[in-house]
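*Asks:* Now for the letters of each chain:
There are 2 protein chains.
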Amino acid sequence: MAETASLRNHVLKNLTTADLRLLEPHLEPVKLPLRKVLERAGKLNKAVYFLEDGMASVVADAATRPIEVGVIGREGMTGLPLLLGAARSDSDIYMQAPGHGHCLREAQLRLAVSQSDTLRASLLCCVHVFLQQTTRTVVANGRSKIEERLARWLLMADDRIDGDELPLTHEFLAMMLGVRRPGVTEAIQTLERGGAIVRKRGSIIVVDRNRLKKLSNGTYFPIN
Amino acid sequence: MAETASLRNHVLKNLTTADLRLLEPHLEPVKLPLRKVLERAGKLNKAVYFLEDGMASVVADAATRPIEVGVIGREGMTGLPLLLGAARSDSDIYMQAPGHGHCLREAQLRLAVSQSDTLRASLLCCVHVFLQQTTRTVVANGRSKIEERLARWLLMADDRIDGDELPLTHEFLAMMLGVRRPGVTEAIQTLERGGAIVRKRGSIIVVDRNRLKKLSNGTYFPIN
DNA sequence: GTTTCTTTGTACGGTTTCGGACTGAGGCGG
DNA sequence: CCGCCTCAGTCCGAAACCGTACAAAGAAAC
Chain A
3 MAETASLRNH VLKNLTTADL RLLEPHLEPV KLPLRKVLER AGKLNKAVYF LEDGMASVVA
63 DAATRPIEVG VIGREGMTGL PLLLGAARSD SDIYMQAPGH GHCLREAQLR LAVSQSDTLR
123 ASLLCCVHVF LQQTTRTVVA NGRSKIEERL ARWLLMADDR IDGDELPLTH EFLAMMLGVR
183 RPGVTEAIQT LERGGAIVRK RGSIIVVDRN RLKKLSNGTY FPIN
Chain S
3 MAETASLRNH VLKNLTTADL RLLEPHLEPV KLPLRKVLER AGKLNKAVYF LEDGMASVVA
63 DAATRPIEVG VIGREGMTGL PLLLGAARSD SDIYMQAPGH GHCLREAQLR LAVSQSDTLR
123 ASLLCCVHVF LQQTTRTVVA NGRSKIEERL ARWLLMADDR IDGDELPLTH EFLAMMLGVR
183 RPGVTEAIQT LERGGAIVRK RGSIIVVDRN RLKKLSNGTY FPIN
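Chains as they are written, first to last, in my numbering: chain A, 3 to 226; chain S, 3 to 226.
Read the hints as simulated data drawn from the structure, not as lab findings. Be aware that a few hints might be false.
Put simply, identical chains are the same to the list, so a pair is met inside one copy or across any two.
Think about it this way: if two alpha-carbon atoms lie no more than 25 Å apart in a straight line, the pair counts; the simulated SDA-like pairs of lysine to any residue are [stated by the list, open to error]:
#1 48 to 120
#2 216 to 67
#3 48 to 226
#4 215 to 63
#5 147 to 219
#6 15 to 202
#7 216 to 64
#8 147 to 182
#9 147 to 177
#10 216 to 87
#11 147 to 220
#12 45 to 223
#13 48 to 211
#14 215 to 66
#15 45 to 107
#16 215 to 67
#17 45 to 149
#18 15 to 172
#19 216 to 111
#20 48 to 121
#21 48 to 200
#22 48 to 123
#23 216 to 44
#24 216 to 181
#25 33 to 184
#26 147 to 102
#27 215 to 92
#28 45 to 224
#29 147 to 176
#30 202 to 13
Make a model of the complete structure from these sequences and hints.
*Replies:* Below you can see the structure in the form of structure tokens.
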């Protein structure tokens, strides 16, 4: 099913062959279209996903005034609370950029984790990475202006999405950052004037990551 | 050493007797004075702490422009990255309100966790709780004004500090929230006008938690 | 080509917060 | 009692954002 050679998910790719063999029979390949919901806050979480490509958003307060807490791409997995002993999700998670992944049912996850300490360690590592990301988001939301937060977000998206074109409307970015839509429009203009991106209707193209990093003013940290 | 009857730390208190027996011989009672550093970002983490009373702050960017990511009291423990397989801390952690706790060396922690699955599960639960708190902080920092964030912070501190008097200067609160000091002064006045707190030089007294909750405008969630 | 819908750009007044500076008030030691 | 130091209160102009509304531009449908 999941041939080792073709695996792009960092977690799966870095498993020992023994651990991978443990999971492989239960990894179901799935298509992950735009807006596909992987998790819903307050609901029982029956499966986790390892993304091969595409990007998912972890969103808090989705019912009222949504704001993004973090993003997940092929560097990690969804369903972290399951690893921590919680049956229910805290946030909504849905696909922000379409892609593919592997779905693993809760029961199989628990079983596999109970059988291999090294597997559990590999998965818990994801939790650590995500916690680091969330920590940086706390800082960015607390001290940085829209323009810098947007630059950070675009860099994180660019890390996870194939190609330089990010298909995103201002409206959507505003939701992610928890700010006004015109605020995003203006921030995008600033970033374009800085030569980091070019605007297109319905998408943004990253043309100069280094400039974008400078414009993020220290809020961006690369994966790993 | 740590007599079960006297344990106030939620994690230790809720362990099975077997798990507690596993840890007990290695729990060293420690006094935790104000500003005592429990963890330093980037340094190897050689021990974890279970607080019995007092409160610790998890602070990011401590070297440059510090801002608080979360707080830890008797509901949890420090050193979460150790549980997740990381040897180094991501943030500074130091005592915000003095107290006592139990110190557990890394080696003993690893040993105990490897011997008991239920113990590991109990500790991982802390990670989940802390991640939830961090998630709420992302939201609060992203959308709420100083006054609301301050109300939230005071409630969390009140949850963890014995008595109603919180010994905190405006300067310090400003650092925690990542805002200007005069901003805190004004927010405190608003909260006092709202009848939720009274000001004293060098400390704040919570007189009406319910009003404080209202003034926090939905950003506060109780422990567990 | 015209209509319709989505997306983007712009404008306006008002609020929040900033950075910085300065004054006053409380507490402590000499 | 006096001086000193910390902490708290206030004020200033400037910047960042907000909520809202409306117009222009693109894309798609008819």
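*Asks:* For each hint, tell me whether it holds in the structure or not.
*Replies:* Status of each hint after checking the structure:
no. : hint       : verdict
1   : 48 to 120  : both (23 Å within a copy, 22 Å between copies)
2   : 216 to 67  : between (30 Å within a copy, 18 Å between copies)
3   : 48 to 226  : between (28 Å within a copy, 22 Å between copies)
4   : 215 to 63  : between (29 Å within a copy, 18 Å between copies)
5   : 147 to 219 : both (10 Å within a copy, 23 Å between copies)
6   : 15 to 202  : neither (35 Å within a copy, 57 Å between copies)
7   : 216 to 64  : between (31 Å within a copy, 21 Å between copies)
8   : 147 to 182 : both (12 Å within a copy, 15 Å between copies)
9   : 147 to 177 : both (15 Å within a copy, 18 Å between copies)
10  : 216 to 87  : neither (40 Å within a copy, 32 Å between copies)
11  : 147 to 220 : both (12 Å within a copy, 23 Å between copies)
12  : 45 to 223  : between (31 Å within a copy, 18 Å between copies)
13  : 48 to 211  : neither (38 Å within a copy, 37 Å between copies)
14  : 215 to 66  : between (32 Å within a copy, 19 Å between copies)
15  : 45 to 107  : within (15 Å within a copy, 37 Å between copies)
16  : 215 to 67  : between (28 Å within a copy, 19 Å between copies)
17  : 45 to 149  : neither (34 Å within a copy, 32 Å between copies)
18  : 15 to 172  : neither (34 Å within a copy, 49 Å between copies)
19  : 216 to 111 : neither (41 Å within a copy, 41 Å between copies)
20  : 48 to 121  : both (19 Å within a copy, 24 Å between copies)
21  : 48 to 200  : neither (40 Å within a copy, 48 Å between copies)
22  : 48 to 123  : both (21 Å within a copy, 19 Å between copies)
23  : 216 to 44  : between (38 Å within a copy, 23 Å between copies)
24  : 216 to 181 : both (22 Å within a copy, 23 Å between copies)
25  : 33 to 184  : neither (33 Å within a copy, 52 Å between copies)
26  : 147 to 102 : neither (33 Å within a copy, 39 Å between copies)
27  : 215 to 92  : between (31 Å within a copy, 21 Å between copies)
28  : 45 to 224  : between (31 Å within a copy, 20 Å between copies)
29  : 147 to 176 : both (13 Å within a copy, 18 Å between copies)
30  : 202 to 13  : neither (34 Å within a copy, 52 Å between copies)
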